[in-house]
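Participant: Order-wise, the sequence lines are chains V, F, E and S. Adding 971 to a residue's 1-based position in the first sequence gives its number in my numbering. Adding 971 to a residue's 1-based position in the second sequence gives its number in my numbering. Adding 971 to a residue's 1-based position in the third sequence gives its number in my numbering. Adding 971 to a residue's 1-based position in the fourth sequence gives its number in my numbering.
Mixed in with the good hints, there may be bad ones.
Given that identical chains are not distinguished, each listed pair holds provided it fits within a single copy or across any two copies.
Said to hold, decoys possible - DSS-like, lysine-lysine: derived pairs with alpha carbons at most 30 Å apart:
| no. | residue 1 | residue 2 |
| --- | --- | --- |
| 1 | K1032 | K1078 |
| 2 | K1268 | K1032 |
| 3 | K1190 | K1078 |
| 4 | K1190 | K1032 |
| 5 | K1268 | K1078 |
If you are wondering where the hints come from, they were derived from the structure by calculation, not from laboratory data.
4 protein chains.
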Amino acid sequence: MTTHHFAPNTFFNTLGAHAPVLSVESGDTVITETLDAHGFDRDGVQRGRDPNPMTGPFFVKGAEPGDALAVKIVRIEMNRATGWTRQGLAWNVVEPAQIPLMPAREKIVWDIERNSGRISLQEPLAALRNWSIPIEPMIGCFGVAPGDGEAISTATSGRFGGNMDYRGFKPGCEVQFPVSVPGALFFLGDVHGCQGDGEIAGTGIETSAEVEFSVRMIKGANIGWPRGETETDIFCAGNARPLEQALQHATAEMLVWLEQRYGLDRIAASHLLGMAVRYDIANVFNPAFSVVCRIEKPWLPNSN
Amino acid sequence: MTTHHFAPNTFFNTLGAHAPVLSVESGDTVITETLDAHGFDRDGVQRGRDPNPMTGPFFVKGAEPGDALAVKIVRIEMNRATGWTRQGLAWNVVEPAQIPLMPAREKIVWDIERNSGRISLQEPLAALRNWSIPIEPMIGCFGVAPGDGEAISTATSGRFGGNMDYRGFKPGCEVQFPVSVPGALFFLGDVHGCQGDGEIAGTGIETSAEVEFSVRMIKGANIGWPRGETETDIFCAGNARPLEQALQHATAEMLVWLEQRYGLDRIAASHLLGMAVRYDIANVFNPAFSVVCRIEKPWLPNSN
Amino acid sequence: MTTHHFAPNTFFNTLGAHAPVLSVESGDTVITETLDAHGFDRDGVQRGRDPNPMTGPFFVKGAEPGDALAVKIVRIEMNRATGWTRQGLAWNVVEPAQIPLMPAREKIVWDIERNSGRISLQEPLAALRNWSIPIEPMIGCFGVAPGDGEAISTATSGRFGGNMDYRGFKPGCEVQFPVSVPGALFFLGDVHGCQGDGEIAGTGIETSAEVEFSVRMIKGANIGWPRGETETDIFCAGNARPLEQALQHATAEMLVWLEQRYGLDRIAASHLLGMAVRYDIANVFNPAFSVVCRIEKPWLPNSN
Amino acid sequence: MTTHHFAPNTFFNTLGAHAPVLSVESGDTVITETLDAHGFDRDGVQRGRDPNPMTGPFFVKGAEPGDALAVKIVRIEMNRATGWTRQGLAWNVVEPAQIPLMPAREKIVWDIERNSGRISLQEPLAALRNWSIPIEPMIGCFGVAPGDGEAISTATSGRFGGNMDYRGFKPGCEVQFPVSVPGALFFLGDVHGCQGDGEIAGTGIETSAEVEFSVRMIKGANIGWPRGETETDIFCAGNARPLEQALQHATAEMLVWLEQRYGLDRIAASHLLGMAVRYDIANVFNPAFSVVCRIEKPWLPNSN
């Protein structure tokens, strides 16, 4: 149960079977740093490149294909006083007729005030006077190496995780990824200081961060898609286009999990999900969209 | 500001320019009853037919095309001790490979206990022992007559409202509909005792109910899609297939509303939505899916 | 086997259970006229209104729900020297980034030269000097009244037919529609002088026409979607959004037809379709898209 | 203008920056062999593995990012007496309600008779007595290495080509791919003896083959998606889910090409495409669907 302090020097733009930067044991904790989506660090120095340069990969000893790697997000700390967004909304979330009226997608700087816990536009707009948003940090892109020799851009996502941009990937959340290569090879980066559903501006508050996480191996878990758990919820993420397919993957994985963990057959699981399911549209911007199928714990059956 | 007690005798399976059953003034309140989705009333007597027989239409004096009709859901009271669902999930929310394993979509009866405020399976399953869900009533299908001479089945939805099956259409919510014919011609029905996101079992807890609502005309509002407001949120609903198009309609309508009500231009609205938007997948089952674009009020700019 | 000459005076903008304009027998032929999509007749006089005003409905004696109405398109004759299109492509068929660059969707007039059989721009463009296209007339919108009391805009389509805008609905083609109301109530209009796949300009060459068709009842056919046959092909049309769902409807109907007509079980039909199927994207512009599942007759099994 | 005879020994399951197996000059011809989709060669010996093992990559001297690599398919010769399919249709091309009725997706063997030019089931079905199909060979999967360090499974496709499964990739067709890495790194494999639109059985007639192709560099062409030309047509391929997005990519690329090659601005191109475009649904089975936007040459403007 070692705690590793890891200062990254190399950054990858694909999730793939790259040479590991650190080997850790199941149960270990890592404290490290992530660059922003364009590769800038805590000091504003560019050390990686677009899109979403990754810290890692971390080799987890003993992890084999068929296992799950559970990553607990212990802490995400803002380590820079600014973040940025693109102004304007993604063109696929408005009516085609509105597209010619949308603002140019310029880079906008926001001030991150750790004392107050608030984020505000560096150059305020008259219409948004005194408007600020809370610091609600999340990890935009993380996951493990895919199998079959693939190396997949950090712009997108899949069964292995990747650029899911889900605001629920926040401190306190433990996320399981399906392992496809020995050592799992875990990557992380692209922290956002805040973000709405869908990442419809194409960004959150893009910034660098210090991240503390712990890893835990689950042998032979054979999961199909990322699963997550917080104090209040359990959830599964599906990544695909169109939205309906992402929703299918997430719901299908939840059906499997409800059977494994709560002994619910398809009938019982249908009753539960029909009345209790919550869907989050994590991102509707990236090449693969992400939909989360979630259940608040009070709706789950007693397991005693 | 009259309160009308209206006992319905005719029920429609389309939203269209049918003969009104009652004329009311802007500001009036109506207390009436709705049948369940298969047409059964509080006494279990079948008085209408599948799908979603509607109470109404109510003619609102002075309402003209271009106006909005705001309907405040004052109260939804369970008036029957049972509701029903279909077991099994909709086939489009699971992986195609799981479809052959899904249970047959049989009708299942649930007990609605008004004293405890809970709903439970009439024939409990071993895997769901002692499991119950809260009574959280909502209106599955309501809206106004569409324009252009159309009469649209209550199985589906559109700009005029209809079978949106959104669990947010609950007491305390005021919903605006775009008026397309003189008098607006408001219909309602298909109350659910509870329902998850997406109506993925194809039903909520289908039951009859007593509903109290008030109407308010907003002259010349020229809204494009249903808008809603509760104590805590404002939202817009988009109805279409696929999900992405429903989401576009809802987001586009919110952009218009943010400009009208808060003076936010496209740049300011993009900043706000990018960080604050919440999406609800209301239904992913009906011929038209419904997606809600929602903002929690604390994220809105000060209007003073 | 009467031939009726019918001069229309009323035009409908919905397919619904409107009062019939003429009663005909199975086997009869009708020669009539259609207005263009904006309601202009052979003399350029506006006699109906947008969208797609329909000639009809024609009541076919003895037709009942569950029957199919087969309509043979005998002849479509251009009866006006001009047609029109909208310039610019539909915004959903190009990349979102190209939308701001698309031309305004102005009305453009084309000359229809019956002698040469060609159609050309009335005001030629330098880049398209000497460019003309063939007269290949087709029916954009036709079908029967839907059931369940619905009246559906002629802007869209469904199981009953409607605004499918398929260039294969041309002389020589016999189309079957599923009957939902007594008398079938057949409507037609919206003839195009020519059109590409997908109706991606949002129009064909919109014009008025003289149309000759014959009707034939097929008792108890219980078809689910429009079916068609020409000298060279058999096909089924599916109408829905998104494209994949339209394709599903069309393919599913073809599976049923192959079993009914050729005795092919699911295995045999899969072998045939897997190697022989042709898909036409009829329209990707209207509220419901249309996809045609087609088989060229030489690929069909011998039926002897 | 050398002709290379290349006997492959290594086979890749991703398109990526793998070590080249042969260097060729622009203008050269290569005669080589491909394995079937499961890796079996002309003698039925398994030498590669699922999915779609590739012959190559071929390094084209001088090719740089921004160039296009044009590959002319000179000849595809069946070199084995059998091919195979999966029985049953892909589950996404039928109605969900039909899925439980679909046959199991077993492997079926077909006889390829080079003398007669026909292909027939090795174990005929009663319903398909005397039924055979023509040998119409095509390349299922080919393309160049993607950029940005990605290595993409040969199960799917993208801007770089890949598993497009388009029956139009046949002898006589010249296909251009956008070059992303030095030398282009061209791969090919997965020949089908015949296939319908959409690859809706999930396979064509899967077999090994001898393929002859020539390569030609087009410096600075800066194309966005694969483009193709035959004696009769020009076309562009778009690869994505859902179908509408694949169609957008293909149409957008055609708009660019029409301007580059024929000087058609957006207005002229819209007139042309609106009346002349043909869409082919190449595959609606793989992770990325493929749609082809095609124009028959007689519809193109004179270029003199």
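Participant: Find the hints from earlier in the document that the structure breaks and name them by number, from lowest to highest.
Facilitator: Going through the list in order, the structure violates hints 1, 2, 3 and respects the others.
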